[in-house]
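The chain contents come next:
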Amino acid sequence: MSTTADTDKLRWERETLEPALRRARERAAAFTTISGRPIDRLYTSDDLEGIDPSKDIAQPGEFPYTRGIHPTGYRGKLWTMRQFAGYGTPEETNKRYKTLLRAGGTGLSVAFDLPTLMGRDPDHPLSLGEVGKCGVNVTSLADMETLFDGIALGEITTSMTINSPAAMIFAMYLVVAERQGAAWTTLSGTIQNDILKEFIAQKEYIFPPRPSMRIITDIFAFCANEVPKWNTVSVSGYHIREAGSTAVQELAFTLRDGLEYVRWGVDAGLDIDDFVPRISFFFNAHSDFFEEIAKYRAARKLWAHAMRDRFGAKNERSWKLRFHSQTAGVSLTAQQPYNNVVRTALQALSAVLGGTNSLHTNSLDEALALPTAETATLALRTQQIIAHESGVANVVDPLGGSYFVEKLTKDMEDGALAYFDTIDRMGGMVEAIERGYPQQEIAESAYRFQQSVERREKIIVGVNDYVETDEPPIEILYIDESAAARQLEKLEALKRSRDNGAVERSLDRLRRAAEGRDNVMPPILDAVRAYATVGEMCDALRQVWGEYEEVPII
Amino acid sequence: MRKLRVVIAKPGLDGHDRGAKVIARALRDAGMEVIYTGLRQTPEQIASAALQEDADVIGLSILSGAHNHIAPRLMELLKEKGLDDVLVVIGGIIPDVDIPRLKAIGVRGVFLPGTPMQQIVDFINANVRTHADSPAR
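Chains A and B, in that order, give the protein sequences.
For the first sequence, our numbering begins at 1 and goes up steadily by one.
For the second sequence, our numbering begins at 1001 and goes up steadily by one.
Bound-form chain A, shown alone:
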């Protein structure tokens, strides 16, 4: 078969292509993806050499899940439309959540502000000017109670983008649920809790890598017993890509991070099939349509093989990679912002065609500010139009079998495996991070991309071509300092009204657990119930473990 196809492609090149090229040259000497990967003119069946359809592609719901983890695709259930939101005070964000749920959103996703993400209270000097700016400020359990006021945690799923202080924020969520009368065993949702990508890309780390990994394995162990339906880590390529990686680097570093968590869990004595089914993934939905689709398909295949063959997982649920995706914030332009609606729609479509399990679509104004209620609703409508009007959700993996997509899937897989080898040789991802390896790789790619934009090898509409001068400004969400003032007042009032002796005792217990080997979750839950703040709990751990500082490389 391959010989016939080969011959046919050669014949086509000779008889049809060459005369055409003699008449008119192509637009460029070479074509590449947004990641700089060369793309051939045409893919035919001879590009599938080395790909065994029954083994490598298989069918939906079957190992290695290249075509998806669900036999019925989206014909059973659509992806979860989960819009990431949070700004200002918990009161303001609570209102936004209620708006999103009324508009048909099917899950919540909490964006925290930088002080919360960095484990600093609003009264810390480093919090100056940052409170409520990039997300909602949550200082103590009191804020969490307000954030979910009137929202039944037993009935929705919530994703929380929180990493270094994930254990503290998760504990707050659990206590709010408990007080609403929802049993922990019924709760479902996700904490991002992916510290490795913080060291690699987003840089919101607090503690050094090794104690950071220990908190995560403590959460694995705690959840396996107490909150079995909770997704304990969302291994994130999103931020790696936003930091400038290529698609292959995003795939490789993310999956390799996932393998690192599995290794640490196993080394901590956990049964792989007890905690791996609760590990999920989070990918970027960037602009190069087919490259992205191939990335998602390769991710499922790589994970299935790694879990079954490398780690010996027996449970099928450990083999199935589930992922959330978000359209690429970095692709949004401040220029001609309405163009961003179109970018986002195409990126979202690639995630859907790649089999995403849940999706966030960015708003058109996000290169300028956090989104307004109107633009956030339009972003959600974009997903609803793809789901209900485009017809793409009516058939399982419609691109499966495409010569191009299958070849690109294989190339992505091979590229990721090569990175796995390099990182394995370094001793693992923690060691690779300590050497600055993934950080350096990403910085190189980011710079290369920027140069290709400057040279206009890559065109960004409205930025380096089709530029308009004198654009009228659009209305944006402006977050003033009132949220900071309000959060500071509440913090002072809290410190007056709570039992400060109980807080101190709970923080002592937390320090002792951190010094020894006891699971840190129970003392964190106690501290949360005593209304200890995020800053106080993180400070207790800083005293034991110290803080991480990276060596800046450019």
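Since the hints were derived computationally from the structure, they do not count as laboratory data.
Because the structure is a prediction, the values reported are computed rather than measured.
Hints may be right or wrong, so weigh each one.
Claimed, not checked - Derived list of chain B stretches under chain A, where covered just means 3 residues or more per stretch with a C-beta under 8 Å from a C-beta of chain A: (1) 1039-1051; (2) 1060-1074; (3) 1081-1092; (4) 1095-1106; (5) 1110-1119.
To be verified - Derived DEER-like restraints, expressed as beta-carbon distance ranges: (6) A/23 <-> B/1127: 50 to 56 Å; (7) A/388 <-> B/1125: 21 to 27 Å; (8) A/471 <-> B/1127: 20 to 26 Å.
What the hints assert, rightly or not - Just a few of them, taken from the derived set where beta-carbon distance is under 7 Å, the chain B residues facing chain A: (9) 1013; (10) 1014; (11) 1015; (12) 1021; (13) 1022; (14) 1024; (15) 1129.
All residues carry an ideal CB built from backbone N, CA and C; glycine is no exception.
With chain A fixed as given, assemble chain B onto it according to the hints.
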């Protein structure tokens, strides 16, 4: 002739350093001496770095919305240290309404997403006053 000395700093709690790193490399490739301070620098640390490094230019990368607090504090400190002649520019996500306010306190350039690196290089060359008072190259 002495190379232009540029301190690139990332103040505030935010860790998104793609922009800071890309512009640092671009300025270096354009022949400048670039000192990258790393993450989470306070205005005090940035001003000290500028003094120690004998900087001609300070470039701040701010995406989090904290510019209204960080920039005034830095400008104040620069004045105290007699570094008023250092060219201060900011790159990042800055709402339009804040730009005149930043300019009024002495921030000379504000560069929003999508700005070509060459434009920033040209701006620095056209506006910097080197400490040797040599004309901009």
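Structure-based check of each hint:
Proximity of the stretch 1039-1051 of chain B to chain A, defined as three or more residues with a beta carbon under 8 Å from a beta carbon of that chain, is established by the 3 residues found. Here's how the stretch 1060-1074 of chain B fares: 7 of its residues keep a CB closer than 8 Å to some CB of chain A, so the rule of at least three is met and the hint holds. Proximity of the stretch 1081-1092 of chain B to chain A, defined as three or more residues with a beta carbon under 8 Å from a beta carbon of that chain, is not established by the 0 residues found. By the rule of at least three residues with a Cβ nearer than 8 Å to a Cβ of chain A, the coverage given for the stretch 1095-1106 of chain B holds, with 3 such residues.
By the rule of at least three residues with a Cβ nearer than 8 Å to a Cβ of chain A, the coverage given for the stretch 1110-1119 of chain B holds, with 6 such residues. For residue 23 of chain A and residue 1127 of chain B, the hinted distance range of 50 to 56 Å is satisfied, since their beta carbons lie about 51 Å from each other. The supplied range of 21 to 27 Å is broken by residue 388 of chain A and residue 1125 of chain B, whose beta-carbon atoms lie about 54 Å from each other. Between residue 471 of chain A and residue 1127 of chain B the beta carbons are some 25 Å apart, a value that agrees with the proposed interval 20 to 26 Å.
The interface hint given for residue 1013 of chain B is met, as the beta carbon of that residue sits about 4 Å from the closest beta carbon of chain A, less than 7 Å. Given hint, residue 1014 of chain B at the interface with chain A, holds; its Cβ is 6 Å from that chain's nearest Cβ, closer than 7 Å. Against a cut-off of 7 Å between C-beta atoms, the interface hint on residue 1015 of chain B holds, since the closest Cβ of chain A lies about 3 Å away. The interface hint given for residue 1021 of chain B holds, since its Cβ lies 5 Å from the closest Cβ of chain A, which is under the 7 Å cut-off.
Interface hint status for residue 1022 of chain B: upheld, as the beta-carbon distance to the closest one in chain A is roughly 5 Å, under 7 Å. At about 4 Å, the closest approach between the beta carbon of residue 1024 of chain B and any beta carbon in chain A falls short of 7 Å, and the interface hint on this residue holds. A hinted interface residue such as residue 1129 of chain B counts as satisfied when its beta carbon comes closer than 7 Å to some beta carbon of chain A; here the least separation is about 25 Å, so the hint is violated.
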